[in-house]
Amino acid sequence: MGVTRRNFVKFAIGGVAGLHLTPLPYKLMDDIAIWTQNWPWVPVPPEGEFLSVKSVCGLCPGGCGIQVRKVDERAVKIEGRTDYPVNPGGICPSGMGGLQLLYDRDLRHTGPMKRVGPRGSGDFMEITWDEAIKTVAERIASLRKNAKTEALVSVDGNSKGSTLSLMIERLTKAAGSPNYVRMPSLEDTYEMGNLLMMGNNGPMAYDLENSDYVLSFGSGLLEGWGGPGRIMNAWAVLREKASKGGATVVQIESRASNTASKSDKWIAARPGTDAALALGIAHVIIRDNLYDQQFVSNYTSGFEKFKTMVLGQYSPEKIVDITGVGKEAIKAMADGFARAKAPVAIYGKGKGTLNGSLFEFMSVQALNALKGNINKPGGIIISDPLPLATLPAISPDGVAERGILTPRFDQAGTNKYPFAVSLINNLIDVINHSDKSPVDTLLVFSANPAFTLPDSGEVNRALKKIPFIVSFSPFRDETSFMADLVLPDHSYLEKTDDIVRPNGLQYQLYGLTRPVVKPVYNTRSAGDTIINIAKAVDTKTASSFPWKDYESVLKIRAKGLFDSGGGLVRYKGAEPAWKWKTASDGPDYKSFGDMWKKIKTDGLWYRKLMPSAIDSGIFKTASNRFEFFISQLELAVKDYPTAAPGGNRLKELGITVEGDAAFMPHYEGNHHHDEQLPLTMAPYEMVNLASGWAPSPPFAYKTIFDDQLLGSDSFAIINPGTASEFRIKQGDYIIIQSKACAVKARASLSHGAMPGVVYMPLGFGHTAYDEFIREKGVNPNLLIPPGKDPLSGHPVWWTTPVKIMKG
Amino acid sequence: MKKEHDQGKYKYGMVIDLDKCTGCGTCMVACAAENNVSVRPDESDKQRSISWMQVYKADNGKEFPEAETVYFPRPCMHCEQDGRGGHAPSCVSVCVATATTLDKNTGIVSQIYTRCIGCRYCQAACPYKARYFNWWDAYFPVDKGLERYLSPEVSPRMRGVIEKCSFCHHRLMRARTKAYADGRRKIKENEYITACAEACPAQAITFGDLNNPKHKVAQLIKSKNAFRILERLNTKPKVYYLSSRDWVRKIADNPVDEFSPISG
Amino acid sequence: MDSKLLPEGVERCSFGMFILWMLPWLAILAWGGLAAVLCLVKGLNQTNMSNVFAFALWIVFDLGVIALGAGAFFSGFLTYVVGKKELKNIINAAVIIGFICYSGATAMLGIDIGQPIRGWFIFWHANIHSMLVEVSFCITCYLGVLIVEFVPIILENRKLDQIKELHIFGHNLHHIMGVIAASGTFLSFFHQGSLGGMFGVMYGRPFAARDGFYIWPWTFFLFVLSAIASGPCFTIICTKLTELLTRKKLVPDNAIQLLAKVSGWLLSLYMVLKIADTLVWIYDIAPRAGFKFMDFYREGPYGVWMVAAELFVCGIIPAIMLMTPKIRENQGMLVTACLLNCTGIILNRFVFIIVTLAIPVMPFDRFLSYLPTWQEWAIGFAVIAYGFIVFSLSYRYLPVFPKERELNPIAG
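Residue numbers (the UniProt record's numbering), protein chains in the order written: chain A, 1 to 807; chain B, 1 to 264; chain C, 1 to 412.
Any given hint might turn out to be false.
Stated by the list, open to error - Here are the simulated lysine-lysine pairs, DSS-like style, with alpha carbons at most 25 Å apart:
(1) Lys-216(B) - Lys-241(A)
(2) Lys-178(B) - Lys-572(A)
(3) Lys-572(A) - Lys-70(A)
(4) Lys-216(B) - Lys-265(A)
(5) Lys-144(B) - Lys-241(A)
(6) Lys-70(A) - Lys-188(B)
(7) Lys-54(A) - Lys-222(B)
(8) Lys-729(A) - Lys-62(B)
(9) Lys-244(A) - Lys-222(B)
(10) Lys-62(B) - Lys-265(A)
(11) Lys-216(B) - Lys-244(A)
(12) Lys-42(C) - Lys-144(B)
(13) Lys-244(A) - Lys-224(B)
(14) Lys-11(B) - Lys-214(B)
To be verified - Where chain C lies over chain B, by a calculated footprint (3+ residues, C-beta under 8 Å):
(15) 110-117
(16) 153-161
(17) 239-253
Keep in mind the hints are simulated off the structure, nothing from the lab.
No experiment lies behind these values; they were computed from the predicted model shown.
C-beta: ideal position from N, C-alpha, C; glycine also.
Work out the full structure, taking the sequences as your base and the hints as a guide.
Laid out in structure tokens, this is it:
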């Protein structure tokens, strides 16, 4: 058979038909289907070996245990650890999204940078580490040569007592400056109050998990307070107990926050009146003889004076007028608190990171003392700081000795602010009120004062006046944009660093972060950079830093834990760490070497709670008792000279009441009243929006509702009644004006808002970082004038008189 | 492998305790991080942003100071039925390209991104708004470095397709592989849990096999406080909620008749 | 200039005039083309559709034109299957309108899906349970049928008809028109129905959900009925518009009147069933899902007035008008009735698509609204422009109206 045309056609047709019987066309179709999936710009994550690395979260002082899932060298997911005592498995939204803060190039300084654009522009040029360190060292050396060392100022946002913090203070002192300034925080308020009333300056600790009645004065337990990983777990514990009728949470707050909504009872007291309410409750407790008489008579002093004041001046009738809280509610709280087995009154608004009012805190502490729930399960715990080893003293030379003795720019510790350690707002004032900035070189560590301090406008004005700013921030934050030089720190996932006793934790815990991944960018651990700088300044400064690297410093300090004896370095999770023990545990390590090795892999050392007998020795006040009447304050007023001859010492300290009350927890009254500014602006914090130094991971913006942020506008929450007075409707643009500034936001009407109060979220309004975070909403810090809390001198955040109008 | 998992043997489900839920949003972040959901520069465009787990906010409608808020975390409900007795949820029965199916073996409603043509019929059919369309290409700009945290266990999606909560199906695979390697036929209760349940700092989310009476979820759904959202639609969701507050249980469904409180 | 292409014995405007008439439509088509390119290249983020409004303007357009295009199959059915010979005078116009509607809708759907290059997965990975698969299969097949119906009309062009092979081919096609019309009727019945079924089976959406017969919810039958009740009216409107623009009478009144009468009766039957369906929905389906009728209209611009508008103003009233010979014989009234009828059907589709999606099902969710972007409008208008262009070309170059010569004898 030849190949004729007919045959060929037959063959072709047959072939095509036959082909359809084979899987080929179907396979090809499927291949085409698969081909449509290969879009070159859709990333394909590379496969690899899975492994899990344990560490501790360093985004906030909460210090949750984390484990990072890795694929080869890439970290792909952060999860909570169940073998870490703080947070059995859960973490907060920011911690969950931490990998974005690690990898996002536009959020981070990718290497040492020199500013090339104007301040604030964020235009930098990468330089070498050698050049960067040399520049800083020469700057310090020149101050030392000219005996101007006090012009070196460092601002530190690290937790108090952390090794990095000590290193920063050490560098400042060794170079010869007294001006080591800490970012203001609630810790200051706690410390000052506890020092005055109990003579103890250990960390504040509330034993929430074991409590059965939590009276919270505005504490945003669910807004990120005191380490969200721990507190939210404590919340679950309390809820579990509550479902069996065993626990009550009462939230005193003017806004229906998450905590208020989720607590058993929400008490809406006017902003700024918490002290009055606490003392009103104290009035009922004392009047009805509900207080712990044995504790009060054995371990407190000044009770009679306190009783007289409270019974005389804080009657429920009066408190109703001041706070807006009903008499029955006050009675109910007094009854509930005093009759509970293990009640606790807690203090610290919002996330518990911004300062509160000192007298307010002391009023709340007075309630705890009335109930005698100190060092008892479910109460407040007085404990010593972690037994970390101290570093050898620095050996200042003549230049440094002169410098250290010059007065601090912020006047902390002077007659005017006798109990303050550090007052950054005074520093800002001093700079802004001088023709030439007294600060020559500013070193900024783990802090973003340009964004987080009140009256941001003034802060930025001061920063602009400072000739030379060095930022050590790993993030492209607002303050680093003002810096002339950036020596970026590693992120918390790239370095070894200690987490010294997470905020508010009742038992002793030491956490250690570890490098989960190799440094992603050309950054260097700030501890190492400090050692490098000190060594480059001159031999004298270098002599205070005899260490090879930062990790050896950490190890030296951790030796103190070993020397204190006991403690555990492994947590099994079977028994919560907050359960009180009768006998001491551990140690579960053989030697210091063994302990350090275990800490480096598991990241923790902790010691369970042990009941210690309450005796007079626990209070280190002059009277060796808990002082309702604060002798040290009386001393500070009576024994120190007034600033101006014939002046009023109390007024100088900012105290407006007279007589005995001035030396006791009292309500200062509302001095903010201003006809022109009839409303109050109260900033609020959210657990899913970072408002401190570290930015929110972009993921967190998924969790923000569109009545909180929409496009580039954030919302101010207003009660519908108040809004209608100004003819403001949901979503309208409004102008909010305070003494400091006027800002634009949109209105969100909510019955959760107290009439007459405007609530604005902290954490929006960034001008730095990248497209995920920049230009979203407005920063309420702009509105807040840098007020001064009576006695403490710290900034006052929580009540700012404002007016609003349609914008 | 297949033989070891009998047909219809497992019915994975979730119980979310709204008394414990604090509305913190960790579940949403955990979900997005686990499942390679990209973040767009403007996430406030809620109608077009993607969040497989979405926290809804609701209030009791009362005035200050009686106003109360509750949060409803809403994953895909993995409904068992379409509401008229059909043995697949609406989204599955309407899908033109068989890109989404109900696995009778596990009860999980899957989504095949590479088969979806993006007609969005399933979105229209879902009363829970649990399905999300990729209006844009996933946001991973070149050189930004964000693609480095992507997990190889979940394939990133392309523009123009629907995606939704998978009950972290890859975690089930992970658990099965582990069990298989250990020579076990069954996976243990806590070996397979979703990323949101694992992450919740208030332990509000419990995950497990609703068919297994020993599992905590199976016990929790017997509580008098247990309910499902839009129960009347009869779609038999496998996500349950717990709340001791009457008003919360009440606003979870559209009641025409009087609501009968169980407490107080 | 193009006189050789024009049908014999009829009057057409000058070529220049024709181009002038076409220009604005071409401009709109180009505008739509630009929008389409944007949507295909950049993605559907160019629209204001969202996860809430998964279906939006385009789907309203699609369902609207497909319903109105029903004139084609139904006229074909009446002409070839039932044997109403007088309709032969309008069937060409009906077919062309049908073709425009279906091809336009298919093109829009191609842009509307997120992954157009995977569009064929509907056939490759077909899910037989999906109403949309039924729609897709039937529409695709029916578009083929419409092409087959359109081709002989094209072949009647003076120039093409001169080619012998084409003439024979066209002639043969004419012979099998009965079979074609019957299959078109079958296909149309199912896709018009499944378009309704698409919404009726959204059991999770109490606003759209309906019970039904076997696998078909009642909306299946209501959509078929409403389409055949309004399609002929749309054919009438298009014819009347052509007559207005050309200032000629093109179709004998008996054809128009027959279509109008049939429409009227079908519309009244539809209204009876639709009202019954609405009552069942109000008193049974909605309460079963926990909704009271008024719950659906609590918020937003879509009030109960829509129900009144759809059922009374655009339903019962045109039905009565079309059924009453005296009214429908008045040209103005006839056109008004047809317009109301078509508006009613568009409103019905709008309600099933947009209002269904706007109403939240979860009680704590909120009502949302949607406004299309220019890209969406552009593509919608482009389909209208495309319709004008195809119909204008057909009218100019093809013997669309067989009686045109007879009704408009050229003087001298």
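Hints and how they fare:
| no. | hint | in the structure |
| --- | --- | --- |
| 1 | Lys-216(B) - Lys-241(A) | holds, 18 Å |
| 2 | Lys-178(B) - Lys-572(A) | holds, 22 Å |
| 3 | Lys-572(A) - Lys-70(A) | holds, 23 Å |
| 4 | Lys-216(B) - Lys-265(A) | violated, 29 Å |
| 5 | Lys-144(B) - Lys-241(A) | violated, 47 Å |
| 6 | Lys-70(A) - Lys-188(B) | holds, 24 Å |
| 7 | Lys-54(A) - Lys-222(B) | violated, 37 Å |
| 8 | Lys-729(A) - Lys-62(B) | holds, 18 Å |
| 9 | Lys-244(A) - Lys-222(B) | holds, 17 Å |
| 10 | Lys-62(B) - Lys-265(A) | holds, 15 Å |
| 11 | Lys-216(B) - Lys-244(A) | holds, 18 Å |
| 12 | Lys-42(C) - Lys-144(B) | holds, 21 Å |
| 13 | Lys-244(A) - Lys-224(B) | holds, 14 Å |
| 14 | Lys-11(B) - Lys-214(B) | holds, 13 Å |
| 15 | 110-117 | holds (count 3) |
| 16 | 153-161 | holds (count 4) |
| 17 | 239-253 | holds (count 3) |
Figure legend: structure checked against the earlier numbered hints; hints not met, in rising order: 4, 5 and 7.
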